[in-house]
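Undergrad: Sequence:
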Amino acid sequence: LSAGDVESAFANASFSVVLGIQSGSNLESLANQMSRYIGKMREMNTNYNLACIQVYECFARNLVGGTDDPTELSYGGKDLLSNMSETQNEISLKNQYYFTRMFLAYVFGRYEL
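FYI, the numbering for the sequence shown is 8 to 120, going by the numbering used here.
Keep in mind the hints are simulated off the structure, nothing from the lab.
Careful: at least some of the hints might be erroneous.
[Said to hold, decoys possible] Simulated crosslink set (DSS-like; lysine-lysine; CA at most 25 Å straight-line): (1) K47 x K101; (2) K47 x K85; (3) K101 x K85.
[Unchecked claim] Here are the simulated distance ranges between beta carbons: (4) D12 x G73: 11 to 21 Å; (5) G73 x G116: 17 to 27 Å; (6) D76 x E35: 13 to 23 Å; (7) D12 x F115: 33 to 43 Å.
No residue lacks a Cβ here, since even glycine has one placed at the ideal position from N, Cα and C.
Just need the whole structure built from these sequences, with the hints factored in.
TA: Below you can see the structure in the form of structure tokens.
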């Protein structure tokens with residue numbers, strides 16, 4: 008990471024874990040892997056990739072029962088959407104948030120959020 012394109016490396020890391028989720032990899036180990044990536048992303052100050060991977064880490068943890076309300080996407084006690092609104096104004100991030108939240112609502116039978 009110190010000699011290459013950091014944004015590209017983290018985009019590929021994010022892509023690989025999302026692909027892991029979609030292909031049925033162990034969600035707990037993927038969430039742990041994402042947690043390590045998040046630490047590095049914070050160190051390197053890559054906000055877009057950080058916000059993106061946080062959505063999917065919450066998604067994976069919710070699917071394995073890591074929260075009281077599996078349809079909520081929060082990180083560090085704060086709703087991810089409000090975090091995004093403060094730091095990012097990227098429609099693609101908000102789309103990922105709403106897509107994963109909609110999927111969780113469907114899986115857990117919560118049709119009114």
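Undergrad: Now, for every hint given, state plainly whether the structure supports it.
TA: Now the hints, each set against the structure:
Proximity of K47 to K101 is assessed by CA-CA distance (about 22 Å); at most 25 Å being required, the pair is judged to hold. Distance check on the hinted pair: K47 and K85 sit about 20 Å apart at the alpha-carbon level, within 25 Å; holds. Our distance criterion of 25 Å between C-alpha atoms is met by K101 and K85, whose separation comes to about 15 Å. Between D12 and G73 the beta carbons are some 32 Å apart, a value that contradicts the proposed interval 11 to 21 Å.
Taking 17 to 27 Å as the suggested C-beta distance range, the pair G73 and G116 conforms, at roughly 18 Å. D76 and E35 have their C-beta atoms about 19 Å apart, which keeps the hinted 13 to 23 Å range intact. For D12 and F115, the Cβ-Cβ distance of about 38 Å falls inside the hinted range of 33 to 43 Å, so the restraint holds.
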